[in-house]
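K.L.:
Sequence:
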Amino acid sequence: MKKSVYLILFILSFSVRAQNIIAAAELKAENVSEVRVEGKFVDVYVKKGDEVYFKGVIRGNGDEGDYRFDTDVVDSTLIIRVIRTKNNYSWKNSRIKEARMDITIPGDVKLDIDNSSGDVFVANLRVSESKIEATSGDITLRNIIANLEVETTSGDIDIADLIGDSEIESTSGDQEFENVKGTIETRASSGDITFEDFEGDLDIKATSGDIDLRGGEGKLKVRTSSGNIDGVRVALTGDAYFDATSGDVKIDFTNDLDDLNFDLNATSGDLEVGSRKGEKRLIIERGEYTVRGTTSSGDQEYE
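Counting from 650, one number per residue, gives the positions in the sequence shown under our numbering.
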């Protein structure tokens, strides 16, 4: 059921070869509680604004009517789509020079992006929750206060200045986090994961890639099947678990080692906690929080 809302809508969909504009659209909307983007072969830029506003443009050497921007409002949700009307099997036939959406949303509007073959950049966002997906494209987030769901297939994820709980997943690409606060659960099938200046509980798993922790505090669960786990300036505020199937674990704690318990296992590798060393199994009971570590083929070193 479509809900009547006030729209100021200007839509152009034409080919002007002198200007290389294949399709363009501009829209302002009121009484919208969510913006949903279904993009194809476009870059999406979102930032905070006083109103819901959208502007899209596609430039290239395509034919008239090859592309268009569709907008619709259903139950207070503004839906923005990119439609390829001709030769849908090949988006690149039009030799696109520029394809982008620029969107602003107020703080009380949810954001849902599903983009293919294009990057997503979101900045200065203050919302209760947001879901962002990209297939064959990077996701960059800056200065965000929101609970997030972020997923990319064949693309990197770069997040800085985040406050909120998040679920992150990437199939083929690196993940970088800087100055993040909240409970974060992240997965990477093929790629490295880096956290710098974090505050909150982390649940990290990499199938094939290294994991780096560069300054931060929280309760940690860190696992990689093929890669190393490295940490410096790490402060535990709860228990920690490190698991490297094929790789080394090396963590430099800001906690006093005498305040920590250790329960370490290594199938093939050395174990070291400060000046104490062991092989296959090392147990130290003397503190409040417990560090558990497991390696199948690799060393463990804690300082």
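Because the hints were derived from the structure by calculation, they are not lab data. Note that the Cβ used here is the ideal one computed from N, Cα and C, for glycine as well. You may find that some hints are simply not true.
What the hints assert, rightly or not - Cβ pair distances, simulated, as ranges: (1) 952 with 746: 46 to 56 Å; (2) 784 with 747: 14 to 24 Å; (3) 687 with 747: 18 to 28 Å; (4) 921 with 696: 40 to 50 Å; (5) 682 with 919: 32 to 42 Å; (6) 812 with 926: 48 to 58 Å.
K.L.:
So, for every hint listed, does it hold in this structure?
P.N.:
Verification of the supplied hints:
1. About 53 Å separates the C-beta atoms of residue 952 and residue 746, a value consistent with the hinted range of 46 to 56 Å.
2. The hint said 14 to 24 Å for the Cβ distance between residue 784 and residue 747, and at roughly 20 Å that hint holds.
3. A beta carbon spacing of about 19 Å between residue 687 and residue 747 agrees with the range 18 to 28 Å that was offered as a hint.
4. Checking the proposed 40 to 50 Å range against residue 921 and residue 696 shows it holds: the Cβ atoms sit about 48 Å from each other.
5. Under the hint 32 to 42 Å, the C-beta atoms of residue 682 and residue 919, about 57 Å apart, miss the expected range.
6. Roughly 41 Å separates the CB atoms of residue 812 and residue 926, a value that falls outside the hinted 48 to 58 Å.
When each numbered hint is compared with the structure, violations occur for hints 5 and 6.
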